[in-house]
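Peer 1: The residues making up each chain are set out below.
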Amino acid sequence: MNQWDELQRAVTNGRVSRREFMRRAAALGVATSIASGVLAKAGFAQTPVKGGHLRVGIAGGSTTDSLDIRTYTDTTMINISTSIYDGLVEVDAKNQIQPELFETLEPSDDATEWVCNVRKGITFSNGKTLDADDVIYSINLHRGDSTSGAAGPMRPIKDVVKMDTHQVKIALEAPDADLPYVLSDYHVLVVPKDFTDWSNPIGTGGYKLENFEPGVRAILTNRGGYWKEGRCNLESAELSVINDDAARMQALLAGEVDVTHRVVVPLVDQIEAAGNFELVQAAAGYHFIMPMMCDKAPYDNPDVRLALKYSMNREKLVQMLFGKFARRGNDHPIPESDPYHNNELPQREYDPEKAAFHANKAGLGPKDVILSASDAAFNGAIDMSVLFQATAAAAGINVTVRREPADGFWENVWLKAPFMTSYWGGRPAATQMLAVAYQSSAPWNDTHWKVEAFDKLLADAKATTDQAKRKTYIWEMQRMLHEQGGALIPLFKDWLDVHDVKVKGHTPHGMFDLCNSRIVQKAWIEA
Amino acid sequence: MLKLLGQRLVLGILTLILVSALIFAVTEWLPGDIATNILGQQATPENVAAIRAELGLDRPPYERYVEWLRGAVDGDFGTSLANKRPVADVIGPRLWNTLFLAAYAALIAVPLSVFLGILAAIYRNSIYDRLVNISTLAAISMPEFFIGYILILFLAVQFRWFPAIATFKPEQTFTQHLYATFLPMLTLVLVVIAHMMRMTRTSVLTVMASPYIEMALLKGLSKARIVVRHALPNAMAPIINVIALNLAYLIVGVVVVEAVFTYNGLGRLMVDAVSKRDVPVVQACGLIFAVVFIGLNLIADVLSILSNPRLRHPR
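These protein sequences, in sequence, are chains A and B. With our numbering as the guide, the letters of the first sequence map in order to residues 1 to 527. With our numbering as the guide, the letters of the second sequence map in order to residues 1001 to 1315.
Hints are computed from structural coordinates only; laboratory data are not their basis. As the structure is a prediction and not an experimental result, all values here were calculated from the model. Heads up, a few of these hints could be off.
Lysine-lysine pairs mimicking BS3-like chemistry, simulated, CA-CA at most 30 Å apart [said to hold, decoys possible]: (1) A:128 - A:94; (2) A:504 - B:1169; (3) A:193 - A:208; (4) A:94 - A:471; (5) A:50 - B:1169; (6) A:416 - A:324; (7) B:1169 - A:502; (8) A:456 - A:471; (9) A:367 - A:94; (10) A:169 - A:158; (11) A:450 - A:416; (12) A:456 - A:416; (13) B:1003 - A:193; (14) A:416 - A:504; (15) A:296 - A:367; (16) B:1219 - A:208; (17) B:1084 - A:208; (18) B:1169 - A:128; (19) A:316 - A:208; (20) A:324 - A:502; (21) A:316 - A:367.
Beyond 10 Å from chain A on every Cβ pair, some chain B residues (computed) [to be verified]: (22) 1015; (23) 1047; (24) 1140; (25) 1149; (26) 1244; (27) 1273.
C-beta atoms are modelled at their ideal positions from N, C-alpha and C, and glycine is treated no differently.
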C-alpha cells in the first residue's frame, strides 16, 4: 500500500481536507492535474479554469426570435440573455433565493412593502454605473399595459419608488412573502434607464453578443471583469439552435457540440456507451397534467374526478415514457424539489376497484368521458391517453380519446375542453404555482378550481413570513388538490442534459435545464 | 414557334397571379387571429383592435392583396410580424442557402442520373441495369429523413468523416461550405436520382423501338453511338420535364432534410413562420416557391419545344 493510494482513500472518505490533500499530494510529487481530478471525483468543487470555447446545441429557438426580453418564451433566448444581462435575484440549485443585482430584499412585517438595496459598483457594457433608476425602469418594462411575458406575475406590484441612488421600495397590492421569486422571472433582467434598442443589448452580464442569427446561432464573447466570483469563465461560447431531437443528439455524439439538453430517453444508452459524456439529471417542476374542469359535467362530481385519478397507472406510464427520468405525480403541482412539497400525502396508486367504486357512485355513463388529446401538449400525450383509456377500461370506465390537431391546440382546446392533456412548466415558488393555476381568479385556472377556503389559504401563505405557518398552509392546499381537485397529474419529468466530460460547472438545477438557463455563465472547460 | 413560347409565358404569368391570390387567401383563412397571437395574454378587445389597425387588418382583403402584390413585384414583402425586420432581409440569406444546396445536389444528381440512365438503356437487362435499378429504387423508397439519419449514423457518428449538422457559417470558405453540406447534398441526390435515371432509361428505350433506330442498327453503327447520337436527342423532352420537376423539388420540398441536418433553408423558415402566424413571411415564402415551381416548368416547356424539331420548325 503506497502513500498516494492511502491519501486518495482518505480524501474520498472525508478524513483529509481539500487543502491538506493538495499539500500532501504535492509533497508526494503527484501532478496537480491528477490531484484535482481525484478531488473532483471525491465531490470537491474544482476551481474553474478561465478561457476556452463552449459549443452548446440548444433547442427552443426560432427564426421569429427577437432580442426584446419581454418576448421570450423558450430556452435559446433565455440562455443568451442570462449571459448579457443580470437579474435582480437568482434562484439557486436548491430553489432558494440568492442576491444578484439586488443585494438585499427586506419585507415589511405584513410583506406588502419591500425595501431593496441595489448592488453598488456594477457597470453596464456601455460604461454606465448601475443605480436605482435603471432598476425601476427595468421592472416597469413588465408592468401595466406591457406585452411582457412577465406582466401577469408582476401585476400585484402597485408601485416602485426610488428611496436613494441605490435603494428602491416595491409596494404590493396584497402581501406576498414570495416577491423575490416573482422577481426571479426570466423576463425580468436589468437594462439601463430608457434603453429601447433591443438589437444592440446593453447589460451588466459577463458576455457581449458578438453575432446573432435568430433561430440559427448566437456567439458570445467574454467582456472581462465580471462581478460574480467564479462565473463567466469562458472566453467565448457558441449557441447553435438544433430543434430536432435526433439531430441534436447526433451533433453531440459526432462531437460537434460540447453540451446539449432535452436528451431523448431512448438514446440514453447510446450516449452512455460512447463513454465520454455525462448526463445531468434534475428533478424539477415540469409536469404533465390532465385538467378536469370542476364545474363541467361529469367532472363537477368529485367522485368522477377521483375515479379518473385512480384509473391512471402512473408507474407504468413513467416506465413506458421516460424510465428513470421521471417521477410519479400525486395530483398536486408541487414537485419533490420544492422545499414545500407535502411528502406525507399517500402516493395515489392505480386502483381499478376504487375507480370502479367511485364511477358507479357517480353513475358515470359509457359516453361521458371525452379526453381531448394532442402531442402538441407534450411528446407522448397521445400514447399516454391511449394507455389511460386501457387502464380505465379495466375499471369499467369508458374513455373516448379525441385527437385534436396540434396546430392551434392552445388557442382552441386549452381552457376550453373540459378534460384534456396539457403541461405546466415549474414555478420557482410553490405559492406562484398554486396562484397561477388554482386561484379562483387566475385566468389560467385550467381546472376551474374555485374554492374559497383554498384562496384564503393561499392569501395567508403569501402574507406570512413565518416558515412553519407557511408550510402548514401550503401543505393543506396540496392535500385539498390531491383529494378533491380537478388536476390529474400523472408525472413530473426530470430535466436531462448531457455534456462532454471536459465541461465542468454544468450541474443539476431544480428550475430549468442548462443550469437554470445559465450554462454560459456557469460552465467552464477543463484544461 | 414564338407564338407557342408566348402562349406558355402568358399562361405561366396567369398561373402565378392565380397562385398568389390563393396564397393570400389561404393565409387569411389560417386559424388563429394574428392580433391575438401577437398579444397573447394581453389580448383585450381594445388592444386587439389597435393592433389590427396598426397592421392594416381592418381594411378589406382585396385592397391589401393588391397592395401586397404590388410590393412583391418590387421585392418589398413588408415587415415580419415576429421580429419587425423587413421580410426581404429575413428571407434573403435563407433563400441563398436553399439555392446553394439545390444547386450543389443538382450539379451532381442530374449528370449522374442521365449518365446512369443511358448506360442502363445501352446495357438493357444486364446485371448492371438490374443493379442500378434496384439500388436507386431502394433509395427512393426510403423516406428522406431515414436516408439522412442512416448517413449521419455511419458517415458522421461512426466514422466521423462529415459533420452531422450542416449549419452555414459566414466565416467558412467555399470549400468548407461544400464539406459542411455534403451529407444533406448526398441525401438529396439519393432521393432524386432514381426518378431521373429511370425516365432517361425508359424514354431512350422507347425511341430505340422506332424504325429509324433499326435502320441505324442495320447500318452497322455501334450501340453506344446509336443511343447517344440518334436516340437521345429525340428522347430529351420527357427527360427535361422530369429534371425540372426534380429541380423544383430540390428547392421547395426539402424541409424534412433541412430539419434533419439543421440546415437553415427557406423550408424551415416557412414552418417557423406558420407556427408563429408570421403571415408576411409565410406569404413571401409561398410566393417564392410558386415562382420557382412555375418558372422551372416554363423553362422545361421551352427547352422541350427547342429540343423537338417538329415544334421548332412547324409547317
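Peer 1: List in ascending order the numbers of the hints, as given earlier, that are violated by the structure.
Peer 2: Numbers 1, 6, 9, 13, 14, 16, 18, 19, 23, 25 and 27 - these are the hints that the structure violates, sorted from lowest upward.
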